Amino acid sequence: MRSYLQPVPDPPPEPEPSLLERLRAGDPDAAATLFDRYVHRIERAVFGIVGHDPDAEDLVQDALLAALRGIHQFHGDEARLGAWIKGIAVRLALKKLRWRRTRKWSGWLGSDAVPTLQAVGGTEERAALTRAFAVLGDLPPLERAAFSLRFLEGMSLEEVAETLGVSLATAKRRIRAARDRFARLAATDALLRHWLETRTDHA
Amino acid sequence: MHDDRSPLDALIARMSELHRASGTRGREARQVRMRTAFLTAAKHAAAQPRRSRMRWVYGGAVLLAASLLLAWTLRPRTLTVEIDEETTLAQLVFDAEEHPVTLAFSDGTRVVAAPRARVKVQRLREDGADLVLLGGTLDAELESEATVWQVQAGAYRVEASSATVTVHWKPAEETLALEVEAGTATVTGPGIASVRRLEAGERATFSSERRAVALAPTLPEAPAVALEDASAEPPKAALHRGGRDGRDGRRRARSSARASASHEETTPLPAPPEAVQAPATDWRALGRDGAYARAFAAAEAEGFADLCRSLDADALLELADVSRYARRPHRAREALETLRRRFPGTPSAATAAFDLGRLAALGNAGCADAVPWYRTFLDERGQGSMVAEARRRIAACESEPSSR
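For the record, the sequence lines run as chains X and D.
So the first sequence is numbered by the numbering used here: it starts at 116 and just counts up by one.
So the second sequence is numbered by the numbering used here: it starts at 28 and just counts up by one.
Since the hints were made in silico from the structure, they are not lab data.
Being a predicted model, the structure only gives us computed values, none of them experimental.
Cβ coordinates follow ideal geometry from the N, Cα and C atoms, glycine included.
Hints may be right or wrong, so weigh each one.
Derived CB-CB ranges, DEER-like [as the list claims (entries may be wrong)]:
#: 1; chain 1: D; residue 1: R52; chain 2: X; residue 2: S282; range: 30 to 36 angstroms
#: 2; chain 1: X; residue 1: D192; chain 2: D; residue 2: L96; range: 52 to 58 angstroms
#: 3; chain 1: X; residue 1: Q188; chain 2: D; residue 2: A92; range: 41 to 47 angstroms
#: 4; chain 1: X; residue 1: D192; chain 2: D; residue 2: H71; range: 26 to 32 angstroms
#: 5; chain 1: X; residue 1: R299; chain 2: D; residue 2: A40; range: 15 to 21 angstroms
#: 6; chain 1: D; residue 1: S33; chain 2: X; residue 2: D173; range: 33 to 39 angstroms
#: 7; chain 1: D; residue 1: L95; chain 2: X; residue 2: Q188; range: 17 to 23 angstroms
#: 8; chain 1: D; residue 1: A68; chain 2: X; residue 2: G280; range: 21 to 27 angstroms
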């Protein structure tokens, strides 16, 4: 009687450990993956909120480091990991805004940093935009964050709500309030008011 | 191309353009920079995972140490007692020979042993003290409700808290007299079924031999004006009599003790309130027996003004005491002022000044009227056992907010 050796199937390949598992296991390469996967959305949220603050890069890095250190406190699944890290980044950014606002009031800090305005053609427009970013810096932190994410970063209402961790209705209300306040403050600035009136005449 | 946007919207749009342009500019270089910095920091953080844990350990240790320190600081502390400003140990027996001895406890309680009283501080606790009265009179102003004080006298035990009481014990006759001026006190011992509770204004005598209890009712109510003035003065007859330095005071104390002893042998019940109106023959004897209302009525019947004119200084002090304990402060003041007019410059006049201060302290003006009298006393009497008490009362008055 002949016997046949039955082919033994190869064992199924071990599933790749997820990023979350690797982070929890202390995999040294997981930090690089974490950075590459989430840096864009974190950067967008942070820059959207604090603008072109010299410390914005540090805030991004601090948020990712905080996530790395506190990964054992995160109990969600990997799909929620990005939102969790973004939440950390937003809290840090808002904290930064509050700190800056306090320092500004107390006279320890000058005006907010503004984007490079070299590309702006006219002197008058450059001055108006400088004033406009200064007005933006005078908004309360939560309103400023909503305003910047919506109008400067160009996020949808849903994205703003998700980034700030608030309901859609709250996000809408906050954006509206921020825009109204921005308009009021702009109207009290002589240079900006003149610039806006001029534009109205042109329109 | 025509722009339909409002100028404000156009401005915001322009800000957005600049914001985005600025964000895009140098993004790659920025991200490389951030990546390098992040990975370096991540490696550093991974290499020192224990530091974080150690920080908690250190923090916990500091917290524990702080808690222990706090617990040590707030631990219940046993009271201490001072006699003549010297800390005294428990288990020692004090003999108040010719002058009263004040035991000042660290919670503010003051217990005065009248002349010839023998007292032992049996035990000092966190919440009070146990005293043994071996004989004589103890006058206690118990300050705190949080403390419980026990006075053991023979087989009797008096317990009080936040009260003003006078305890008199005759070991030979095994007779205990307890008077409660303020608050309440309880007594247990022979002849008492369970616990006898005495309220403010009550006085009782307990005799071990006869197993009898004589309970005096509350002192009769005085007119409204008198009540207002005499609301809280403890009956310190024994202390007072002993507290007056000099031969007269000692003689008075001895005579008082004799009179008190004879009273308790016959165990008459103190007169009921209506007895105030009844005629009495010897106001001094009645006063020494503690029947102040009857003594005062007797003095009035004899003619208070005549007494003020005719009595010697020592008797005038007694008359003032009787009036005060009978809740007639205006009469007490009259007797004391007469004494000072008739016997100026004498030790009795100085004592009268002190008593006038005590009366004034209970009046409407309170400390404002009392302090000058205490100062007069100090001016006229530079030394003696009541000097410290006068200074303490001045200090207490001066520490009151209204007096600042």
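Hint by hint, here is what the structure shows:
1. R52/D with S282/X: 30 to 36 angstroms: holds, 35 angstroms
2. D192/X with L96/D: 52 to 58 angstroms: violated, 46 angstroms
3. Q188/X with A92/D: 41 to 47 angstroms: Violated, since Q188/X and A92/D (Cβ atoms, about 28 angstroms apart) do not stay within the stated range.
4. D192/X with H71/D: 26 to 32 angstroms: Holds - the Cβ-Cβ distance for D192/X and H71/D, about 29 angstroms, lies within 26 to 32 angstroms.
5. R299/X with A40/D: 15 to 21 angstroms: holds, 19 angstroms
6. S33/D with D173/X: 33 to 39 angstroms: holds, 37 angstroms
7. L95/D with Q188/X: 17 to 23 angstroms: violated, 30 angstroms
8. A68/D with G280/X: 21 to 27 angstroms: holds, 26 angstroms
Going through the hint list in order, the structure does not satisfy hints 2, 3, 7.
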